[in-house]
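> Keeping their order, the protein sequence lines are chains A and B.
Anchor point for the first sequence: position 95 equals 94 in numbering that gives the first Met the number 0, and the numbering is continuous, going up by one each time.
Anchor point for the second sequence: position 15 equals 14 in numbering that gives the first Met the number 0, and the numbering is continuous, going up by one each time.
Check each hint, because a few of them may be wrong.
Result set (DSSO-like, lysine-lysine): computed pairs, CA atoms no more than 27 angstroms apart in a straight line [stated by the list, open to error]: (1) A:Lys72 <-> A:Lys99; (2) A:Lys68 <-> B:Lys259; (3) B:Lys81 <-> A:Lys86; (4) A:Lys72 <-> B:Lys227.
Calculated directly from the structure, the hints in this document are not laboratory data.
Listed here are the chains, written in short residue letters.
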Amino acid sequence: MGISVEGAGKSFGDFQALDDVSIEVPNGSLTALLGPSGSGKSTLLRAIAGLETLDAGRVLIDDEDVSRKPAQKREVGFVFQHYAAFKHMTVFENVGFGLKIRKWQKVKISDRVHELLRLVQLDGLATRYPSQLSGGQRQRMALARALAVEPQVLLLDEPFGALDAKVRKDLRTWLRNLHEEMHVTTIFVTHDQEEAMDVAGQLVVMNEGRVEQSGSADDLYDHPANEFVMSFVGEVNRLGDGFVRPHDMDVVLDPDDRTEEAMVQRIVALGFEIRVEFMLADGTEVWAQLTRGELQKLELRRGQIVYLRPGQTKSFSGAPSPNGSGASTPRGLQGDDDAEVSAAA
Amino acid sequence: MKPRSRWGLRALGLGYLTLLLLAPLVMIFYKTFEGGLAPPIDAITSPDGLHALKLSLLMVAIAVPLNTIFGIGCALLLVRHKWSGNGAIDAIINLPFAISPVVIGLSLFLLYGAKGWFGPALAEAGIEVLFSVPGMVLASVFVSLPFVVRETVPVLREIGTEQEQAASTLGANAWQTFWRITLPAIRWGVAYGVVLTTARVLGEFGAVSIVSGQISGETETLPLFVEKQFANFNTAGAFGASVLLAVLALTTLLAMNVLKRKEDA
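If we strip away everything but chain A, and leave its shape as in the complex, we get (with noise of 0.2 angstroms):
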């Protein structure tokens, strides 16, 4: 059941959460909504499942226009960040509501919310009430809560926001292999780049109540089409006008016409990968990430100078990054004609 949403417009008072977004969601896919805080990535979502009204444009379910429905016949599953669990109804009662409003046979709950319980891995835990539940064991429940009545879409409203960072990590794995065994179109926010991309086949990135860029994940980090795409999706350093990642900025001890003089800052291990922090002649502060085995062989000191070559520069003003050759190869889905991608290397 493919989902679209077109020209949607929603304000709450003088704040514009929604300004002319369209978005398409192939059916079967597993979309994720990535943007910061008030971005309007959650409105669009509760647009989809009907528990915010549009104040302009329209969603369509499996090509039928449910801008009119209500949520209770909209038959999508939602899962919300705080849970939303029940609190005064045990696992099996909170997993089981939809089918009991459904008036189905008791026998025939029974069996349905075990084999839901099985595949969340809570069967042990069907007397249960939600307070004596982990968070994540919680998350699972409403999981199964809103699998329980075969929704056609599944949406998910930063699903794993209130979980600490181990559980999160297991929690996106079982969504993404769920997800394979299922097929049912999936759509969850977050504000995570990570998850996002961890998780998702497509992607679709906003900001400030519109849709910046959608595209895979390697479309968007290689090809962002925008400044702000750039810099929310994976980490940038800004040099001029032109922004280039982290990963992109060669080391080096010997000066040539396509570096720059920087003095080390700060040296930051992170297990494998090393967090190298510079200031340039100008007072521009940037980083580089290294290797281990680089760092060891640059032997790199605190106030050492240092000489810094960005590769893949990118500038999005239409003026030629200062390092560029200025060929221009852009690939990116949206947003095409102000994004010019260099090769300096």
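Let chain A serve as the given structure and place chain B on it in line with the hints.
Relative to chain A, chain B alone:
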């Protein structure tokens, strides 16, 4: 806090409560049964005493359900629907707390009296409000109106709307969502409001005393009965009825605690 000052604080708190609350209560019980069980039981089981008890229970039976339904509805309106009238409603609901019951009784008297706004029209239709049960119900409802609203509003705020939204995405309509999600979630706030409402209705004196006319065996509730017995120097009867009132109120409180404990177990 040092142990000594902690004990001091506890002693102060307990002493204050004993002096102000416990001592009078103990005194009533003591005085009631001073002359044995017979005098207070005789007073309560006299025709007037029994009628007063029945009438008090009738007030509870009418005012409590009315104020519970109104209270839940009003709390939902205040918390779930933001509109400009909420401030006014909020202030008006507090009126029974702010105004002395005697004044409430007087205002009802003026409104439904022979020269009041509603009095003549109702009299023509054959409905007597003053000096009869309808007026007493009005007074009881008025004085006990805010409790359920006040106890429900904070609970409703605290539970938020996510559970209700989750229910709606699972296919529940507004009515199903209310009965299966909202009401169970706010039930202890409502229950506490009901207990307070019951206690207030049982104990109401001022407003009811004015609109009822205090006719023995006809428009006399238990508190009015107590006052009349006391004024007639029948202390055994007055204390007996007082103890009965206290027992009724304590029973409601106890019933709620038992229910809650069962639920938590």
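> Against this structure, judge whether each hint is valid.
Status of each hint after checking the structure:
no., hint, verdict
1, A:Lys72 <-> A:Lys99, "holds, 15 angstroms"
2, A:Lys68 <-> B:Lys259, "violated, 40 angstroms"
3, B:Lys81 <-> A:Lys86, "holds, 26 angstroms"
4, A:Lys72 <-> B:Lys227, "violated, 63 angstroms"
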